[in-house]
Amino acid sequence: MAKIIVLGAGIGGMTAAYELRAGLGDDHAITVVGDGPGFSFTPSNPWVGVGWRKRDDVVLEVKPCLARKKIEFVDDPATEIRAAQNVLVTRSGKELAYDYLVICTGPKLAFDEIPGLGPDKHSHSICTTPHAEATWNAYQEFVKNPGPVVIGAASGTSCFGPAYEFATIIETDLRKRKIRDRVPITYVTPEPYVGHMGLGGVGDSKGLIESEFRQRHIKWICNARVVEVTATEVVVNELDGKGRLLQEHRIPSKF
Numbered sequence: 073m074a075k076i077i078v079l080g081a082g083i084g085g086m087t088a089a090y091e092l093r094a095g096l097g098d099d100h101a102i103t104v105v106g107d108g109p110g111f112s113f114t115p116s117n118p119w120v121g122v123g124w125r126k127r128d129d130v131v132l133e134v135k136p137c138l139a140r141k142k143i144e145f146v147d148d149p150a151t152e153i154r155a156a157q158n159v160l161v162t163r164s165g166k167e168l169a170y171d172y173l174v175i176c177t178g179p180k181l182a183f184d185e186i187p188g189l190g191p192d193k194h195s196h197s198i199c200t201t202p203h204a205e206a207t208w209n210a211y212q213e214f215v216k217n218p219g220p221v222v223i224g225a226a227s228g229t230s231c232f233g234p235a236y237e238f239a240t241i242i243e244t245d246l247r248k249r250k251i252r253d254r255v256p257i258t259y260v261t262p263e264p265y266v267g268h269m270g271l272g273g274v275g276d277s278k279g280l281i282e283s284e285f286r287q288r289h290i291k292w293i294c295n296a297r298v299v300e301v302t303a304t305e306v307v308v309n310e311l312d313g314k315g316r317l318l319q320e321h322r323i324p325s326k327f
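Numbering (our numbering), first residue to last: 73 to 327.
Keep in mind that the hints were calculated from the coordinates and are not lab data. What you are looking at is a predicted structure, and each value in this text was computed from that prediction instead of being measured. Please note that the accuracy of each hint is not assured.
[To be verified] Simulated pairs of lysine-lysine, DSSO-like, Cα-Cα distance not exceeding 27 Å:
no., residue 1, residue 2
1, LYS75, LYS141
2, LYS180, LYS126
3, LYS126, LYS250
4, LYS216, LYS193
5, LYS142, LYS216
6, LYS141, LYS248
7, LYS314, LYS126
8, LYS180, LYS216
9, LYS180, LYS193
10, LYS126, LYS326
11, LYS193, LYS166
12, LYS166, LYS216
13, LYS193, LYS126
14, LYS248, LYS216
15, LYS291, LYS314
[Claimed, not checked] Ranges of calculated distance between the beta carbons of each label pair, as one might list FRET restraints:
no., residue 1, residue 2, range
16, ALA155, GLN212, 29 to 35 Å
17, GLY313, THR151, 22 to 28 Å
18, ASN209, LYS166, 25 to 31 Å
19, GLU152, ILE251, 47 to 53 Å
20, PRO202, TYR172, 16 to 22 Å
Ideal Cβ positions, reconstructed from N, Cα and C, are used throughout, including at glycine.
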């Protein structure tokens, strides 16, 4: 019998654990090591950010979900991998031996790389469910006295879909509130064109998204490097294909 540890209890970790159990049957021990008792369904965070979903709608308790599949859950984040010994060390000092280790820890957010970026500074985030909840709190204040909105992704982003989704969600929500005419929306992205997705496009994603943005009166800036975020504007350098500066944009922003 092999001992398999899945490190991370998010989308990747839970999927890996379920797939391993389905493929291997009950003859091998599978353990998931996580940081906290809850599993957040991250794809729903854009909805949480505008109040279309609440935390209880998108967060499940991990342990019973795994127990039904005879998968052990250790709520004790890892601090060290001793690969030569096949041992995982947790924060509390536990040493968990394994034959196979599957690493699904997800991204480490790097807000500190851009001045003013991040939920504790001058921008909002939907990267985690707590971030999305904080965004919803800020959004409720914003709609009382609306103004320009800037949405998008910074350089180094690996997943662009949620930014596009949030842009269209917030545009829809503002129309429902009948205040869309008071909110200019600008989308900024390091992609060479909208719909690139970091994948060179998906089908006719370029044409589809350009058309959608035009219909919704959302402006966009591509090849954009976010330089700074302040309480009143987002500073963006628009670059050419060789990384040379074409134009600096100082985009007014209230949210």
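- Of the numbered hints stated previously, which ones are contradicted by the structure, given in increasing order? Numbers 5, 6, 7, 8, 11, 12, 16, 17, 18, 20, in rising order.
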